[in-house]
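Asks: Here is how the chains run, residue by residue.
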Amino acid sequence: MSDPQAIRVENLGRVYKIRAVKKGEARERVALTDVNLDVPRGELFGLLGPNGAGKTTLIKILTTLLAPTTGRALVAGYDVARQAPEVRPRINMVSGGESSGYGLLTVRENLWMFGQFYGLDTQTTHARIDALLEIVGLADRAHTKTSDLSTGLRQKMNIVRGFLTDPEVVFLDEPTLGLDVGASRDIRRFVRQWMAERAGRTVLLTTHYMAEADELCDRVAIINAGRVLACDTPANLKRRLQREALFKLETSPLVNGALTTFQTLPGVRKVLHAPHDGFSALDLSLEADSALSGVIGALTAHNASIISLQKREPTLEDVFVDVVGMSMTEAEKHGD
Amino acid sequence: MTTLVNTRPPDRGWRLFLRTIVARAYPRVVGQQREKAWIFFETFLPFLATVGYIYVYRAMQAPEDYIGFVVMGGAMTAFWLNVMWSMASQLYWEKESGNLALYVMAPNSLMAILLGMALGGMFATTLRAVIITVLGSLLFGIQFQVSSYLQLLVVFVLTMTALYGLGMLLASLFLLWGREAWQISVALQEPIYFLSGFYFPIRSFGFAIAMSASIVPLTLGMDAMRQLVFATGPALGFLPVQVEVAVLLVLAVGFVAAARFWLSYMERRAIEEGTLTDRRR
Ligand SMILES: Nc1ncnc2c1ncn2[C@@H]1O[C@H](COP(=O)(O)OP(=O)(O)OP(=O)(O)O)[C@@H](O)[C@H]1O
Ligand SMILES: [Mg+2]
Chain A
1 MSDPQAIRVE NLGRVYKIRA VKKGEARERV ALTDVNLDVP RGELFGLLGP
51 NGAGKTTLIK ILTTLLAPTT GRALVAGYDV ARQAPEVRPR INMVSGGESS
101 GYGLLTVREN LWMFGQFYGL DTQTTHARID ALLEIVGLAD RAHTKTSDLS
151 TGLRQKMNIV RGFLTDPEVV FLDEPTLGLD VGASRDIRRF VRQWMAERAG
201 RTVLLTTHYM AEADELCDRV AIINAGRVLA CDTPANLKRR LQREALFKLE
251 TSPLVNGALT TFQTLPGVRK VLHAPHDGFS ALDLSLEADS ALSGVIGALT
301 AHNASIISLQ KREPTLEDVF VDVVGMSMTE AEKHGD
Chain B
1 MTTLVNTRPP DRGWRLFLRT IVARAYPRVV GQQREKAWIF FETFLPFLAT
51 VGYIYVYRAM QAPEDYIGFV VMGGAMTAFW LNVMWSMASQ LYWEKESGNL
101 ALYVMAPNSL MAILLGMALG GMFATTLRAV IITVLGSLLF GIQFQVSSYL
151 QLLVVFVLTM TALYGLGMLL ASLFLLWGRE AWQISVALQE PIYFLSGFYF
201 PIRSFGFAIA MSASIVPLTL GMDAMRQLVF ATGPALGFLP VQVEVAVLLV
251 LAVGFVAAAR FWLSYMERRA IEEGTLTDRR R
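Chains A and B supply the protein sequences, listed in that same order.
Its first residue numbered 1, the first sequence is counted upward by one per residue in my numbering.
Its first residue numbered 1, the second sequence is counted upward by one per residue in my numbering.
Since the hints were made in silico from the structure, they are not lab data.
Treat the hints with care, since some could be wrong.
What the hints assert, rightly or not - Derived BS3-like pairs: lysine-lysine, alpha-carbon spacing no greater than 30 Å straight-line: (1) A:LYS17 / A:LYS333; (2) A:LYS248 / B:LYS95; (3) A:LYS333 / A:LYS311; (4) A:LYS248 / A:LYS270; (5) B:LYS36 / A:LYS333; (6) A:LYS17 / B:LYS95; (7) B:LYS95 / B:LYS36; (8) A:LYS238 / A:LYS333; (9) A:LYS145 / B:LYS36; (10) A:LYS311 / A:LYS23; (11) A:LYS22 / B:LYS95; (12) A:LYS311 / A:LYS248; (13) A:LYS270 / A:LYS311; (14) A:LYS248 / A:LYS22; (15) A:LYS248 / A:LYS333.
To be verified - Output of the computed footprint for chain A on chain B, the stretches with three or more beta carbons under 8 Å from beta carbons of chain A: (16) 13-25; (17) 97-106; (18) 265-273.
In this text, a Cβ means the ideal position worked out from N, Cα and C, and glycines have one as well.
Isolated chain A, as found in the complex:
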């Protein structure tokens, strides 16, 4: 009966029809193309991708709010398109920056209301509200009107709403979007603690914060322009890059011409250049440490002096650049 996979996604595609602004312009927007994913129960799975990658579209399909155009998806063993009534009691979702509930109600009243929609009895609901508010540090705000909460506190209430129904699979769509460091940390800690205490429960989280995915997720899928480009544990994803040598280099200001020279040097795989006030920051990806001498030689040839040089470990950011072919920021400019 109970599927060992919390989520199965098979050849999933979604195309939106859009109103053409000009004649002859595309009337369709492809949001997802041939997505395949399996998320076993008990996993904290991350979807990492820039704006417009298709993360929210995938979450909407998995939460029965959007029909797939092609392929199919199962959540907790049930088809999201054909068996929505079976899926719905088993899931919940929280989105970043959501303004759900009613501002005139208190935190407790709002949470109670959403609990009722899932058929929870009032006693259980209040016991859970107390326990969850305590953990996210909102217990003293139970009687505050929701409209009086700050963004961070409001999102903590939303998080409690999502977990209140003790769902088998929870979908978090950029849950820390726009929150300060402290509130984000509290929410990540809450999710980790919940996963630790509720064996077999699954969380699928989307983010475009690399560090969040790295720190929190058991496995991560990198998604860009509607396609899943890589999917593995953060450690394995980074290990694939271990063959490369990564350096952070700060020099006196460089002209753009210098950059083209670097890119053609033997053993240089990729150079990212960020000009700053008074200095240039370079991110070098080399085939081996030995290629560094060529770069330093070229710098001298351009009369640039080295301010600092640091070897570093690969991050998910590097993995992203490696599989997508550009940085997250560049991909976001590309996107819409």
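Given the coordinates of chain A, assemble chain B with the ligands onto it according to the supplied hints.
Replies: Frame of chain A; chain B with the ligands shown alone:
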């Protein structure tokens, strides 16, 4: 988090349906008392309009029961305002705030959400209608002469069912058609006030117009209630009360059934097209 363990499995089926209705009615009942502006809007404005008409009628030396008609019309205006401003446009706002997606995603039915909105609104507004009636009656010395309390109750319940059924239907249609539908209904507000006979008996319009105005449930509902409550009511009534009850019954069933149909149609289409949420989310 050990308290998370269920003490009892969650309700499904009709129990969940009832829970959902009560939970969605709750913010209506509580919220309407907390929002001082609404109290002003839904009690004071209809009351002012009522007083205005009363002075006009007094100046014209209209029959004394007309004053009573006006007070009742003022009280019923509170329900109409509630349906137009807090019912018809409500799903549209729920979509903007992101609640609609959560309602669809939850295991309840959207119909229960709409019913909760309607019952909550009805309950909260009844308080206002009572205030207007009592104040108006005391201030202007209205003479009531109720011929049958049972019939009065039946007419009131049917009128409310049909009226809020219409509100539920409009709510689903607005969601589908967006702001345009909203603007049309705002434009229709005044003509409907006039034609529904909030401040005079619709009989004065002649049969054809009065009959067309009867599509708005308050028209016949008010006419029947006036016939049952005032001494001269039956003489000024449009149709016999029994006929009006029958029409109201048809309207009530029709509107609620249509709301149900459009709601599930709207839900299906929105899931296909991806319009359940605001484009920004
Ligand atoms: N309702 C819609 N109608 C038309 N196009 C849409 C709709 N929703 C999303 N899109 C388009 O589909 C693509 C994927 O959007 P989606 O919201 O899934 O991306 P995302 O990864 O969640 O991005 P973000 O980080 O900005 O939230 C984008 O090109 C977007 O413009
Ligand atoms: Mg998104």
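Asks: Given the hinted pair A:LYS17 and A:LYS333, is their Cα-Cα distance within 30 Å?
Replies: holds, 22 Å
Asks: So if I understand the rule, the pair passes when the alpha-carbon distance is 30 Å or less; does A:LYS145 with B:LYS36 pass?
Replies: Within the cut-off at roughly 15 Å; holds.
Asks: For a C-alpha distance cap of 30 Å, please report whether A:LYS333 and A:LYS311 respect it.
Replies: At roughly 29 Å apart (the allowed maximum being 30 Å), A:LYS311 and A:LYS333 satisfy the hint.
Asks: Decide if the proposed pair is consistent with the structure: A:LYS248 and A:LYS270, CA atoms, cutoff 30 Å inclusive.
Replies: Answer holds: A:LYS248 to A:LYS270 is near 12 Å, not above 30 Å.
Asks: Take a quick look at whether A:LYS248 and B:LYS95 sit within 30 Å of each other, Cα to Cα.
Replies: violated, 47 Å
Asks: Tell me if the straight-line CA distance from A:LYS311 to A:LYS248 falls inside 30 Å.
Replies: holds, 6 Å
Asks: Is the coverage entry for the region 13-25 of chain B by chain A consistent with the three-residue Cβ rule at 8 Å?
Replies: holds (count 7)
Asks: For the pair supplied as a hint, A:LYS22 and B:LYS95, is the alpha-carbon distance within the 30 Å limit?
Replies: Roughly 28 Å separates the two Cα atoms, so the pair holds.
Asks: So if I understand the rule, the pair passes when the alpha-carbon distance is 30 Å or less; does A:LYS311 with A:LYS23 pass?
Replies: violated, 52 Å
Asks: CA of B:LYS36 to CA of A:LYS333, is that 30 Å or under?
Replies: violated, 46 Å
Asks: Would you check the hint for A:LYS270 and A:LYS311, treating anything up to 30 Å between C-alpha atoms as holding?
Replies: holds, 15 Å
Asks: Given the hint that B:LYS95 pairs with B:LYS36, test it: the Cα-Cα distance must not exceed 30 Å.
Replies: holds, 25 Å
Hints 2, 5, 10, 14 from the list above are not met by this structure, while the remaining hints are.
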